[in-house]
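Engineer: Once you have looked at the hints, place chains B and C on chain A.
Residue numbers (my numbering), protein chains in the order written: chain A, 1 to 284; chain B, 1 to 144; chain C, 1 to 132.
None of these hints come from the bench; they were simulated from the model. Don't take every hint at face value.
Unchecked claim - Straight-line Cα separation of at most 20 angstroms, SDA-like style, residue types lysine to any residue; simulated pairs:
no.	chain 1	residue 1	chain 2	residue 2
1	B	Lys143	A	Glu24
2	A	Lys105	A	Met136
3	B	Lys143	A	Ser182
4	B	Lys119	A	Glu155
5	A	Lys262	A	Gln220
6	C	Lys36	C	Asp48
7	C	Lys36	C	Arg8
8	B	Lys41	B	Glu126
9	A	Lys224	B	Arg120
10	B	Lys119	A	Ala148
11	B	Lys41	C	Glu53
12	B	Lys143	A	Ala148
13	B	Lys41	A	Glu190
14	B	Lys143	A	Arg184
15	B	Lys143	A	Arg126
16	C	Lys36	C	Thr96
17	B	Lys41	B	Gln81
18	B	Lys119	A	Ser182
19	B	Lys143	A	Ala191
20	B	Lys143	A	Met136
21	A	Lys105	A	Glu24
Claimed, not checked - To list a few chain B residues with every Cβ distance to chain C over 10 angstroms, as calculated:
no.	residue
22	Ala19
23	Ile74
24	Gly117
25	Ala118
Beta carbons are placed, not taken as given, at the ideal position from N, Cα and C, and that holds for glycine.
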Amino acid sequence: MDDLHSPDPTEQSWGSLLRTNREEVLEKWTQTAAANLGGRMTPAEMGRDVDEIYSALVRADTGDQIDIRSAAYADLRSLLTELSRTRARQGFSPTETAVGVYALKDAVLEILEAHGDLPGYRAFARLSRIVDDLGMFMLETYATTREAVIAEQAEALLELSTPVVKLWDGIVALPLVGTLDSARTQVVMEALLQTLVDTGSEHAIIDITGVPAVDTQVAQHLLKTVQAARLLGAECIISGIRPQIAQTVVALGIEFGDIHTKASLADAILLAMRRSGLDVVKSR
Amino acid sequence: MWKSMTSPTSESEATLTLAIVNDGDVVRGRQAVRDLAVSAKLSLVDQTKLVTATSELARNTLVYGGGGELRASIVSEGGRQGVEVEFIDDGPGIPDLDLALTDGWTSGSGLGLGLSGAKRLVEDFEVDSAPGRGTRVRIVKWKR
Amino acid sequence: MDRIPILRIGDVLLVSIQIDLQDQTALALQDDLSSKIVETGAKGVLIDISALEIVDSFIGRMISTTAAVSRVLDAETVVVGMQPAVAITLVELGLTLDGVRTALDVDRGLALLSSALGKAGSDVEVDDLAHE
Numbered sequence: 001m002d003d004l005h006s007p008d009p010t011e012q013s014w015g016s017l018l019r020t021n022r023e024e025v026l027e028k029w030t031q032t033a034a035a036n037l038g039g040r041m042t043p044a045e046m047g048r049d050v051d052e053i054y055s056a057l058v059r060a061d062t063g064d065q066i067d068i069r070s071a072a073y074a075d076l077r078s079l080l081t082e083l084s085r086t087r088a089r090q091g092f093s094p095t096e097t098a099v100g101v102y103a104l105k106d107a108v109l110e111i112l113e114a115h116g117d118l119p120g121y122r123a124f125a126r127l128s129r130i131v132d133d134l135g136m137f138m139l140e141t142y143a144t145t146r147e148a149v150i151a152e153q154a155e156a157l158l159e160l161s162t163p164v165v166k167l168w169d170g171i172v173a174l175p176l177v178g179t180l181d182s183a184r185t186q187v188v189m190e191a192l193l194q195t196l197v198d199t200g201s202e203h204a205i206i207d208i209t210g211v212p213a214v215d216t217q218v219a220q221h222l223l224k225t226v227q228a229a230r231l232l233g234a235e236c237i238i239s240g241i242r243p244q245i246a247q248t249v250v251a252l253g254i255e256f257g258d259i260h261t262k263a264s265l266a267d268a269i270l271l272a273m274r275r276s277g278l279d280v281v282k283s284r
Numbered sequence: 001m002w003k004s005m006t007s008p009t010s011e012s013e014a015t016l017t018l019a020i021v022n023d024g025d026v027v028r029g030r031q032a033v034r035d036l037a038v039s040a041k042l043s044l045v046d047q048t049k050l051v052t053a054t055s056e057l058a059r060n061t062l063v064y065g066g067g068g069e070l071r072a073s074i075v076s077e078g079g080r081q082g083v084e085v086e087f088i089d090d091g092p093g094i095p096d097l098d099l100a101l102t103d104g105w106t107s108g109s110g111l112g113l114g115l116s117g118a119k120r121l122v123e124d125f126e127v128d129s130a131p132g133r134g135t136r137v138r139i140v141k142w143k144r
Numbered sequence: 001m002d003r004i005p006i007l008r009i010g011d012v013l014l015v016s017i018q019i020d021l022q023d024q025t026a027l028a029l030q031d032d033l034s035s036k037i038v039e040t041g042a043k044g045v046l047i048d049i050s051a052l053e054i055v056d057s058f059i060g061r062m063i064s065t066t067a068a069v070s071r072v073l074d075a076e077t078v079v080v081g082m083q084p085a086v087a088i089t090l091v092e093l094g095l096t097l098d099g100v101r102t103a104l105d106v107d108r109g110l111a112l113l114s115s116a117l118g119k120a121g122s123d124v125e126v127d128d129l130a131h132e
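Chain A with its partners taken away, still in its complex shape (with noise of 0.2 angstroms):
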């Protein structure tokens, strides 16, 4: 009892009880908090975030607003804005990002389990709420910076999956590996015809062996690189593709025109050395 003073022995705010505790709930707090991150985090650095929460949070304590989308919590959720987007850039997971929050609640059940009176249950209540609240507003902050994570690495990657090769004088191939939707297609594309122009290359071999299904939008953009490569003055094979491929093609009303089309890419690098003019025979 000695620890709660409160001023009416039934009603206590809950950020009196967080006041009147403040050295206990802070190292409690911190204690639980850096325990869940198994090492990740010393208990030094976590001490300081907890802190400014503690801070944020207890100056947040304005009578008995417990809205955490209102005015008087705007410091306190720019600053686990801040905290859940350091966290979700560092790698830590959802849980090792909300328990920062959520690990106040058992700091203070603990004191109250030690010490509490009804009064001092009443607000841990309160508290809790607005506990729960803000770490849902963590893991919402997390969850989109991880989205937009994601969106640079796939941003990234279509970067790195553009390999366009020279296979010979005059002849590149681009092997394409994996699904492709619009925009890779698109990108993947517009670097094979940059290409063709930057080597002066006259055939280009689009080879679709590690591509899993084509619909009609990949078509599609097949079917227009090959009428761009043409517009340049450079012809293209589309090679590898595999029985079912072909069987979709066919059945989306797909037409390939006068493409030239090979089952494999040894196939396709023959005719594309043959339209240039060379041809591979046997040395003997």
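Structural biologist: For chains B and C alone, coordinates are given in the frame of chain A:
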């Protein structure tokens, strides 16, 4: 009065206005839109698509609308940037929009790819036109 | 109005478009080219568009018409040096310039014309012009 049908989704910054009364204005329109597309950091392919669409539509304004105006600005919406171009004339208007948007259909001597072709080159495409009311076309090319 | 110069190299007419084309300039070029083919008896036309930042339906039509008119006048047309971004846009626009020969650059365009005109190698021989 044209603004009424524009969806107020995008907030625009400084707007560039250019009269389209002769051949040279079409070229100037293309160059002005190219500059905007460069500063909005559109990719080279997207710049080319937007400028080509601008060329088609500015020519329509000149040839079918009897001259008019081009307005261009950089717009942003939900964190992405784009270039918006409007073509406004007080000409005879388009009697049948659906028909005018059909590939190969032409009222003049063109290939009939002006409206329908321009539409394929941009993400947002709006036409407001009726006989005797003039024509307003609004296009937006968004940064990928 | 600007006029695009037409150079004659042997029996090939070479046009290099270096400016942003006005419609009238494009039409004038189309006229000039057909007159020049008749005047010189040229067997090939090479249009270098590597400096063109866009090709819209109007210029596209000018190119197609020029190729068709040349063919009637017994000359082959090759369009060279189209930028990838321009090619992508043209395809999207629905213009594939069917019936127009293309090449990556002037060298390859000349080679293409030579072989189309039934000559060996890529050299255009100046001295076999009968009307010179």
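Engineer: I'd like to know which numbered hints this structure contradicts. Please list them from smallest to largest.
Structural biologist: 1, 4, 8, 10, 15, 16, 20, 24 and 25
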